[in-house]
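Could you put together the complete structure from these sequences and hints?
Protein chains: 2
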Amino acid sequence: MLIGMVFGNGYGSQAGAWRMPGVDPTGFTNFDTLVRYAQLAERGKFQFLFMPDFPALRADIATDAQQLNIEPMMTLAAVARGTERIGLVATGSSTFSEPFNLARQFKALDLMSHGRAGWNAVPTSDPMVAANFGRALPPRFEKYERLHEFVQIVQGLWGSWEQGAWLHDQVSGRFADPAKIKPVNLRGRHLATSGPLPLPPSEQGQPVIFQAGGGDQGLEVAGRYASGVTGAVFTMEDARAQRMALRDAAERAGRDPDEIKFFAGLMTTIAPNRRAALDRRIAMSGFSFEPRVGYLGQMLGLALDSAQLGEPLTKAQLAAARPSRQDLRSTYALKVASEGWSLRDVLAHGVIDYHPMVVGPVVEAADHMQTWFEAGAADGFWLCPDVYEDGLPPLVDDLVPILQERGLFHRDYQGATLRDHLGVPAQYGRDPRLQ
Amino acid sequence: MLIGMVFGNGYGSQAGAWRMPGVDPTGFTNFDTLVRYAQLAERGKFQFLFMPDFPALRADIATDAQQLNIEPMMTLAAVARGTERIGLVATGSSTFSEPFNLARQFKALDLMSHGRAGWNAVPTSDPMVAANFGRALPPRFEKYERLHEFVQIVQGLWGSWEQGAWLHDQVSGRFADPAKIKPVNLRGRHLATSGPLPLPPSEQGQPVIFQAGGGDQGLEVAGRYASGVTGAVFTMEDARAQRMALRDAAERAGRDPDEIKFFAGLMTTIAPNRRAALDRRIAMSGFSFEPRVGYLGQMLGLALDSAQLGEPLTKAQLAAARPSRQDLRSTYALKVASEGWSLRDVLAHGVIDYHPMVVGPVVEAADHMQTWFEAGAADGFWLCPDVYEDGLPPLVDDLVPILQERGLFHRDYQGATLRDHLGVPAQYGRDPRLQ
Ligand SMILES: Cc1cc2nc3c(=O)[nH]c(=O)nc-3n(C[C@H](O)[C@H](O)[C@H](O)COP(=O)(O)O)c2cc1C
Ligand SMILES: Cc1cc2nc3c(=O)[nH]c(=O)nc-3n(C[C@H](O)[C@H](O)[C@H](O)COP(=O)(O)O)c2cc1C
Chain A
0 MLIGMVFGNG YGSQAGAWRM PGVDPTGFTN FDTLVRYAQL AERGKFQFLF MPDFPALRAD
60 IATDAQQLNI EPMMTLAAVA RGTERIGLVA TGSSTFSEPF NLARQFKALD LMSHGRAGWN
120 AVPTSDPMVA ANFGRALPPR FEKYERLHEF VQIVQGLWGS WEQGAWLHDQ VSGRFADPAK
180 IKPVNLRGRH LATSGPLPLP PSEQGQPVIF QAGGGDQGLE VAGRYASGVT GAVFTMEDAR
240 AQRMALRDAA ERAGRDPDEI KFFAGLMTTI APNRRAALDR RIAMSGFSFE PRVGYLGQML
300 GLALDSAQLG EPLTKAQLAA ARPSRQDLRS TYALKVASEG WSLRDVLAHG VIDYHPMVVG
360 PVVEAADHMQ TWFEAGAADG FWLCPDVYED GLPPLVDDLV PILQERGLFH RDYQGATLRD
420 HLGVPAQYGR DPRLQ
Chain B
0 MLIGMVFGNG YGSQAGAWRM PGVDPTGFTN FDTLVRYAQL AERGKFQFLF MPDFPALRAD
60 IATDAQQLNI EPMMTLAAVA RGTERIGLVA TGSSTFSEPF NLARQFKALD LMSHGRAGWN
120 AVPTSDPMVA ANFGRALPPR FEKYERLHEF VQIVQGLWGS WEQGAWLHDQ VSGRFADPAK
180 IKPVNLRGRH LATSGPLPLP PSEQGQPVIF QAGGGDQGLE VAGRYASGVT GAVFTMEDAR
240 AQRMALRDAA ERAGRDPDEI KFFAGLMTTI APNRRAALDR RIAMSGFSFE PRVGYLGQML
300 GLALDSAQLG EPLTKAQLAA ARPSRQDLRS TYALKVASEG WSLRDVLAHG VIDYHPMVVG
360 PVVEAADHMQ TWFEAGAADG FWLCPDVYED GLPPLVDDLV PILQERGLFH RDYQGATLRD
420 HLGVPAQYGR DPRLQ
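Chains as they are written, first to last, in numbering that gives the first Met the number 0: chain A, 0 to 434; chain B, 0 to 434.
Worth double-checking, as some hints may not be accurate.
You can't tell identical chains apart in this list, so a pair holds if it fits in one copy or across any two.
[Unchecked claim] No more than 25 Å apart at the CA atoms, straight line, and that leaves these computed lysine to any residue pairs for SDA-like: (1) K334 <-> P51; (2) K334 <-> N29; (3) K142 <-> A129; (4) K142 <-> A130; (5) K179 <-> L56; (6) K181 <-> A191; (7) K181 <-> Y427; (8) K142 <-> D176; (9) K44 <-> D31; (10) K334 <-> A270; (11) K142 <-> A191; (12) K44 <-> E202; (13) K334 <-> V362; (14) K44 <-> D389; (15) K179 <-> Q66; (16) K142 <-> F95; (17) K142 <-> H189; (18) K181 <-> A58; (19) K181 <-> P126.
I should point out that these hints are in silico values taken from the structure, not numbers from a laboratory.
Structure below.
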């Protein structure tokens, strides 16, 4: 089982994490704090940190922290210097970047981290981002066409210095072997480059490609190029189906399906018991419960009002409730509601969060991960701790030992590179099977 | 007097620096080494490091190191974490970047360095770079039009969180003051953005703008936006004229000319005496003398042959020599040749290098800097040591104390930010005098 951790704003995955006791309120821009959390994740032997990214201000900023890092590449440069083993995966947009610049920065990260970099290649689907770049979002088809070209150009640039091209031999005075440094000369419909990139290979050859799911066209991209995919899945069945679809896509592209790892998200609020965990969750998201009651009602097929926030569903409501088919989270929401929790507590279970959420003792997280993993629903998980400061230590110090004890998680890093950690082969340039 | 140091490839300014004794041959990608040199410059109280950049492979790579850093922003992120006071100026192209991405990365650098970032805004004039981006260079006029828009959009984004916008007040639960976070909504002929940038101000408000001269249109850009300009000047008269032109341009833009600092380049090869310095210079650039003899001849109005490399000019040649008016370096070249040095030694004086070069004892560098500074030819210098490993320590440990002794250079950093070091005012957003 593989573990990644979402690495965002220096506070944690809950919007109110920044104001919890003991949390550094300046964590958003404090790199001492950011690096410390990365080191903590490394102590837990996590395979990688994962940075989502949308280049825009997307938060209720009066009360909530931006859920994103101030700048993934600069942050990972700092983290690369402050850690030794953990993989470093950042999101970069193929629609709103220049391939040469992106290729160069990720390769630099790969060099400075000694082979620990990964690029989560996303086409970007947020119109707010497009407006920041003075444009409209291109049509979906075009966006993915550009994404394909972008990945191939980036990989071509990464491979423009072959293995062994950089000699730096002071005795002979040979700095590099020009025969092993080749132009790229790729030209697509949207993008082109001549190359070469002025950077040698890293310890893993070049960065790993990740992809964050986006329908059939995203699957196609992932199947061809990705070694890791972070999914948004609410049920084990859905996760299993997505993982299988991904493996099929890899096979269709002529690859071994084991070369591509599927990660299910898991959000955590850990406390000794359920009640304490719910209270913790409520304390860090106090502003956002009322407006969610209406949506909870939709999920359950009931007209609910925020006046009922402190009360459980009535018997009549429970009898009338029908989980919505539109939202896969509804069945779980109804299960929790049937246990008699107040609506606030139902919401505090994370039933309308982005990913499955464990709100309770740490062993519940271990059980969840084991069940999904053994059902073939995931190769690993990307964990989203509520607050790094005191929500990450239980994962590192309690969850990981349980998983190790059960023989599910490695006792230590075996290799040095992200490719080693993921068990995927080294790569130099474009995948020859696709050319 | 202000001092910057060119910070390039981890070896030094001479192409053969990488193979000199004691030099780390992997310095190109070794961030421990890069950070160590930055710390050394900081020990010398230099005001800033300056990173030129051309996103392309531009070196005789079989024997010479690329004269550029693998990636300026990632490197400066590492350096920001490893230093405390020295300013960090990187070059970024307005033709081949997205303003939102560039604004965000420089602002992140400014935050992580606590207000020490600067952006050297260049339009890029190298067709090899353009080809790496799959395009041709735009016409000169258009390139500068885009540069103007680019700088204003970047500054607009930098200012989109006003001073005091970020509250992070855990007691009241107020993360930011939305009234102080404004969209940018700039739209030019080439570029546009909505904004805001999701990053708060730094300790100096926002990064400093630098410009690297490019004719009248570059002067216009510098006059409006720049706080620092790195010039390429061979004679004191030329430097003085360029500095005056720059100050005039600043005044025309409605600014105080003291807000803009002009830096003359100075290359150094330091040794106890001239002969030792020439030998050092020859050892680190042994591959490149023969092909330069012809050009030296052109500078002197003589037909010279590399067979004469070990000999001085004959009496007849000296009598016939006429310095070329095309190349301002020619007068100095003739002066050196008249001293009776062999042609190899004449070249080893750096007479056809990019900047004036001191090849000799450290006091000659101090004298050069004092003379130029007192003549109003420069506000400071950007030093290009031949090799960082053993060519930078004499600047830090010998040159700086001489300048301090003469009352020309500060004894220590007074302020904390790059703006403090340069003596230029804090800034939030676009310059109101230009709007
Ligand atoms: C788990 C997950 C994480 C994602 N992370 C990002 C991200 O960080 N940045 C981004 O721009 N898009 C992200 N996406 C969006 C996808 O890349 C994709 O754009 C989205 O699913 C919409 O698909 P479409 O663009 O094909 O319409 C993510 C998607 C998923 C499922
Ligand atoms: C001292 C100095 C340093 C420069 N450094 C860079 C650089 O690092 N990157 C770059 O693209 N251009 C650099 N330039 C080039 C200028 O920005 C400008 O493009 C060049 O002078 C040509 O002018 P033009 O583009 O107006 O033709 C530098 C110029 C000078 C004088």
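A quick look at each hint next to the structure:
no., hint, result
1, K334 <-> P51, "neither (31 Å within a copy, 61 Å between copies)"
2, K334 <-> N29, "neither (41 Å within a copy, 55 Å between copies)"
3, K142 <-> A129, "both (12 Å within a copy, 23 Å between copies)"
4, K142 <-> A130, "both (16 Å within a copy, 22 Å between copies)"
5, K179 <-> L56, "between (44 Å within a copy, 14 Å between copies)"
6, K181 <-> A191, "within (15 Å within a copy, 36 Å between copies)"
7, K181 <-> Y427, "within (12 Å within a copy, 45 Å between copies)"
8, K142 <-> D176, "neither (37 Å within a copy, 35 Å between copies)"
9, K44 <-> D31, "both (20 Å within a copy, 24 Å between copies)"
10, K334 <-> A270, "within (21 Å within a copy, 80 Å between copies)"
11, K142 <-> A191, "both (15 Å within a copy, 20 Å between copies)"
12, K44 <-> E202, "within (20 Å within a copy, 36 Å between copies)"
13, K334 <-> V362, "within (20 Å within a copy, 82 Å between copies)"
14, K44 <-> D389, "within (18 Å within a copy, 40 Å between copies)"
15, K179 <-> Q66, "between (43 Å within a copy, 20 Å between copies)"
16, K142 <-> F95, "both (10 Å within a copy, 20 Å between copies)"
17, K142 <-> H189, "both (10 Å within a copy, 21 Å between copies)"
18, K181 <-> A58, "between (45 Å within a copy, 14 Å between copies)"
19, K181 <-> P126, "between (38 Å within a copy, 18 Å between copies)"
Violation of the numbered hints given earlier is confined to hints 1, 2, 8; the remaining hints are satisfied by the structure.
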